[in-house]
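Protein chains in written order, with our numbering: chain A, 1 to 430; chain B, 1 to 430; chain C, 1 to 430.
These are computed hints drawn from the structure, not numbers from a lab.
Among the clues, some could well be false.
[What the hints assert, rightly or not] To be clear about the criterion: a stretch of chain A counts as covered by chain B if any three or more of its residues have a C-beta under 8 Å from a C-beta of chain B, and this derived list gives those stretches:
1) 81-88
2) 258-266
3) 288-300
4) 378-385
Think of the CB as a built atom: it goes at the ideal place given N, C-alpha and C, for glycine as much as any other residue.
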Amino acid sequence: MLSRRGLIAGAAVLGAGMVSRVHAAAIPEAPVQTSPAMQRPLMPPDGRPYNPVVTLNGWSLPWRSKDGWKEFHLVAEPVVREMAPGMRAHLWGYNGQSPGPTIECVEGDRVRIFVTNKLPEHTTIHWHGILLPNGMDGVGGLTQPQIPVGKTFVYEFQMKKSGTFMYHPHADEMVQMAMGMMGFIVVHPADPARHRVDRDFCFLLAAYDIEPGAATPKVATMTEFNLWTFNSRVFPGIDHLPVRLGDRVRIRVGNLTMTNHPIHLHGYDFKATGTDGGWVPASAQWPEVSIDLPVGAMRAFEFDAIYPGDWALHCHKSHHTMNAMGHGVPTMIGVDHRGIAKRIVKLVPNYMVMGERGMADMGEMEMALPANTLPMMTGQGPFGPLEMGGMFTVVKVREGLARGDYRDPGWYRHPPGTVAYEWKGPSPRG
Amino acid sequence: MLSRRGLIAGAAVLGAGMVSRVHAAAIPEAPVQTSPAMQRPLMPPDGRPYNPVVTLNGWSLPWRSKDGWKEFHLVAEPVVREMAPGMRAHLWGYNGQSPGPTIECVEGDRVRIFVTNKLPEHTTIHWHGILLPNGMDGVGGLTQPQIPVGKTFVYEFQMKKSGTFMYHPHADEMVQMAMGMMGFIVVHPADPARHRVDRDFCFLLAAYDIEPGAATPKVATMTEFNLWTFNSRVFPGIDHLPVRLGDRVRIRVGNLTMTNHPIHLHGYDFKATGTDGGWVPASAQWPEVSIDLPVGAMRAFEFDAIYPGDWALHCHKSHHTMNAMGHGVPTMIGVDHRGIAKRIVKLVPNYMVMGERGMADMGEMEMALPANTLPMMTGQGPFGPLEMGGMFTVVKVREGLARGDYRDPGWYRHPPGTVAYEWKGPSPRG
Amino acid sequence: MLSRRGLIAGAAVLGAGMVSRVHAAAIPEAPVQTSPAMQRPLMPPDGRPYNPVVTLNGWSLPWRSKDGWKEFHLVAEPVVREMAPGMRAHLWGYNGQSPGPTIECVEGDRVRIFVTNKLPEHTTIHWHGILLPNGMDGVGGLTQPQIPVGKTFVYEFQMKKSGTFMYHPHADEMVQMAMGMMGFIVVHPADPARHRVDRDFCFLLAAYDIEPGAATPKVATMTEFNLWTFNSRVFPGIDHLPVRLGDRVRIRVGNLTMTNHPIHLHGYDFKATGTDGGWVPASAQWPEVSIDLPVGAMRAFEFDAIYPGDWALHCHKSHHTMNAMGHGVPTMIGVDHRGIAKRIVKLVPNYMVMGERGMADMGEMEMALPANTLPMMTGQGPFGPLEMGGMFTVVKVREGLARGDYRDPGWYRHPPGTVAYEWKGPSPRG
């Protein structure tokens, strides 16, 4: 029987066609997730304990333990991602979804990650922020051969430090990231009491350019994207971040778009406690309400959820809380036009100029849209139309949620495909 | 007589048509400012003392004290803003101007802000950075109903901490911010000796896309804006920041455009002492000469004005110190072209190619422009053409200005509509 | 004989035509560098000692000492810059290159910089980040007259503090920076033991818009640049950063483009130790792997090179590691298209759709390109095609390089015009 060692030494690149039954047993399963709904956190089944994260509209990848290594299996492949109810995008991702599953492990862990390429072109994976041997760095051509179509490459390294990291290809990079290939990595501290919080959320920022009515991103777009996403979801398809009153909360974000995104949280100030380079010492922390996420960078920020309510969490660039169709609209606002409109109305009684008074009407009226297209501004809250899209969701701080490690029955998620802002707690007067 | 309490409990949304004489007395005046010139600071007429700020080309909103509350009245409405002499924009703003007036109060103050909607569509106000009850957060649909056209909504909250904040709509947000709806908030420390400076300036960054010859912004523009403003003014329409030699100076800036703006000050290095999240501890402060303002974020930075002179203060993106018409110009620089030009000149003696040697000539020549349009590069200084536009002004550090709390006769402002760089102090040699 | 003093007092602006033989002797030589290859560091020939920097694909400007001043001579002029083998750009720069030479001096030095204008239009130089008298600040029209064509202006000031600075025009600024006019300034500490590192690299970020087949930048482009450069070079034309295992390394970067650039280093985390405002105190430093460079700002970051290998150093915006021709390509990825393609192939046997499976093929195939144009993705590494362009290079950490002050024979540079990734050290398995 082929030993693990033999497998590694002799066949760094495994052809799927070459894999015997013995080999097949040597490669761990590649679990697949087809739902875009936020999954319960993955409690560690074995190995050292940690407090798992929750991936916004995502999931964490199960592993198997083998001879002191944690073995994961990522499959790069075309996927269909529901961005919000009513729109499905044809992306590239991992294990059935874009972004791929979150990889969680513990400081000191030795991890072995099998990467099988089921894309129509070669790929690699770069482990962004991880300290590792040069040969494991995943830069196609520079530190390893590209992984050919149909083959499996095995990465092996030890997690030297805890923190917030991500993975993405370093092969045909513009195309493969524009198609959605990315995933989160969280390395938990060896001592679960260090950097402990009650709720730990994570997600990636990705931008797509998908023409209304189409499903595949235009991969050469550099600036004029029309879908700005949290984990390849747009409002109203993004899950809430449910939090119990009094919880210590951490939100981890990574940016793989082409521009900075200032992530703004209402109702709180907070501090960045970590980056993809490590934990930020207390002496260096700034109080903030909008944390600017540079491209190719990550931030973890924390706060005590002591104020109950529905607190908006969104990118503060106003076009990034809109869905597609927002940018080619001509401006009709203006006095002159209204004069003209009145004269037209005399001739054509039902004449209506969209946007002559602003665009708020669009949040209310149901316009006919091309198939597979979301409204530019949409969403209904407890007090009426929200007029949002894109990178927008809500941190819900409630008395009613049970505290703690996520295993409690109070774990809360609104049903997939619905948007339920049930909060009517304090009246609108305060 | 309707009590205050009755007013609040019974009529959070007041219809203008419903307001009786009794009601009318219950709503404070809404002062209007029609001049775009920088106004003297508003000394607190009553309440706790503080050192007021100066709003660049703006003003602070008077309030009335009532039963222990400070009452302000903002009116959202269409306005005409002179961006610089020679160009007026049709914007939306508050109380006669865009941006709206600065709201100043003191840590611990209870404030009641009446917001009357005279726009053609509904609106709300979000109090960016302020810690307040969820129902006062101003997110239309989520935390309150939209304020209908013609109605008044009353916000009430206590200022929990001092700092640098802003207000803007959270309703039809892309449109309403593209039209200029925004304003500054400064909450002064309860103890006026804390964070005290001698000069305290504030302004917001806004971007507009107004076609040469037009007056109304194109509200769907995402990146290709052509007017980059400090408080909806462009050079040479932006007032100076006059400072006495030796003053401790604070400049507070908030960004409501769609891109980062690195605000660069010549002649000094400085440190950011505050954000919209709070005061930055000394241990965390970086020395800088260009402070990057993320979108939806604010920075306060400070320095001791110990070097006399005219020190440029501007966004360091070169296109942001230009006015409109800068971006469609073809490049004529090049040897080949000059060869062609020579041959053309033989045939057409007066032929002139704009820009074949660069564009510096444009700062000098007076080109015919469409009505209501500013030159791309303009301005005359003591040593010739400045060739600037957009986000550019000058911090003037002078011996001659009286020091202190702004009440002194030395308060200095150049006459509205003029640009007077009279400084000839140290010779150009140093 | 005209004394130095008389020269300065009487002739701040020297007409080239006016310069007598005596004058000529008073103006120092203006050395010219025509090679785009990285030059050995300039060891200080006299004056106080310091550890020189290495300018990526650049050089440092020699000076002469005169009466206690260091005298430099910059000549602003049109230049031809090879961006990578196969493409030459017609830029404006200084002393034969764009960017201009790095100016190095020591804290406390008195420097006199002669600036001769051989451009077709007027210019000035602003000394970004330097504390100096207002008249030396270089803002055309505001602090000095523009320097006319053919004339020489003399700047004089004392370097008050050590740090990382740059120079660029403050005259027709959009055009002159779009044409490549910029250079680095390093002021070394008075005590060479302070802030000492073993390797000290510096470069500027510049963006150009040069149409495939053309040579002159389009100067009015605001966002859609197509050549993203380190010191006006693109991959594979950018030199490596060679480092000995165990070296303390500093990399200094300044940004004169129109957008933020997150400079990402593989294999390490690091800390920013300086900005153009000064040295960052240890208490304020953040650990990072991607450092965001705002426009008009500079960062110095440091790390101990304890991990051997070829570590990519690049901007993390995926389009910025591509060369021109990348952004107008239509997306061919998709199931439907492949169906159509099959049907077309029945009719047209040799039909090939570029990019239907992604664009990785483009890194491999040799497409016919217009003259003077670089491939969109290119470069060969030890393991195959790298598929990169633009702002990408490699930090090479090797046992074999001699340590220290750069004078050693181990100083390493790959031959100009070649890309040699010879590293095969640790196997791709780690």
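Results for each hint:
1. Figure legend: the region 81-88 of chain A, annotated as covered by chain B; annotation inconsistent (0 residues with Cβ-Cβ distances under 8 Å, at least 3 required).
2. Look at the region 258-266 of chain A against chain B: 5 of its residues bring a Cβ nearer than 8 Å to a Cβ of that chain, three or more, so the hint holds.
3. For the region 288-300 of chain A, the stated coverage by chain B holds: 4 residues have a C-beta nearer than 8 Å to a C-beta of that chain, and at least 3 were required.
4. Counting residues of the region 378-385 of chain A whose C-beta sits closer than 8 Å to any C-beta of chain B gives 7, which meets the bar of three, so the coverage hint holds.
Of the numbered hints stated above, the single one contradicted by the structure is hint 1.
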